[in-house]
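**Student:** So you can see what is in the structure, the chains are spelled out below.
2 protein chains.
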Amino acid sequence: MAKKETKREGIPQTENTVLIGRKPVMNYVTACITFFNSNEKQVTVKARGRAICRAVDTVELLRRAFIKDLEIQNIAISTEELVRVEGGQKSNISTMEITITKAEPKQPQEEE
Amino acid sequence: MAKKETKREGIPQTENTVLIGRKPVMNYVTACITFFNSNEKQVTVKARGRAICRAVDTVELLRRAFIKDLEIQNIAISTEELVRVEGGQKSNISTMEITITKAEPKQPQEEE
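So the sequences go chain by chain: A and B. Counted the way our numbering counts, the first sequence spans residues 1 to 112. Counted the way our numbering counts, the second sequence spans residues 113 to 224.
Hints are computed from structural coordinates only; laboratory data are not their basis. Some clues are possibly wrong.
[Stated by the list, open to error] From the structure, some residues in chain A lie toward chain B, with a derived Cβ separation under 10 Å: (1) Arg50; (2) Arg54; (3) Ser94.
Ideal Cβ positions, reconstructed from N, Cα and C, are used throughout, including at glycine.
Construct the entire structure; sequences and hints are all you get.
**Tutor:** What follows is the structure, given as structure tokens:
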């Protein structure tokens, strides 16, 4: 999976980001795993509005079922201002960013 | 508003907690404001599953519109295991806790 360079106002896409939408949670879990497997140290999971609970589901499923030594570095919440195309009405939407890292794997100890 | 002493497995209710459900966001914002107005220093907003996005909405609306000097002390996510009454099937649900505090008000400076 190549690095996504999504252009969204207010959200600079500098690091490896999984943007949560309306797809099944497993899709985003797979995206995170793919990033880690391509030797990325850190992945940011971003979501807005109702997708926020799916972002939490993604990270929790990832930690529970796939990457046991997952560490949550940071969770940030914020508000983004949207302007509707029709009418130009402003509305606010909550956003969330969860930054996760995979702990360095320890050297497996050989049994004697 | 009296301190809630809700008994829920896995969630110890020691401090002042606003548990997010399906009501409108403003209800929970009001609950938080009531806690702060009764001189509580710290309020914890808790939610499970789909209510998680409403928890974020609550804190963001509170910060944006009502308490400008609100500080987010901590955001924690976790998983709770539920057992269905019928059939006894286990299912996992994501949980979230946002701990917020109100910064101490500074002494107003008198204009000379």
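**Student:** Each of the hints needs a verdict: does it hold here or not?
**Tutor:** Consistency of the hints with the structure:
Evaluation of the arginine 50 of chain A hint against chain B yields a held restraint, the C-beta minimum of about 5 Å falling below 10 Å. The restraint placing arginine 54 of chain A at the interface with chain B holds, with a minimum CB-CB distance near 9 Å, inside the 10 Å limit. A distance limit of 10 Å between C-beta atoms decides the matter here; for serine 94 of chain A the minimum to chain B is near 4 Å, and the interface restraint holds.
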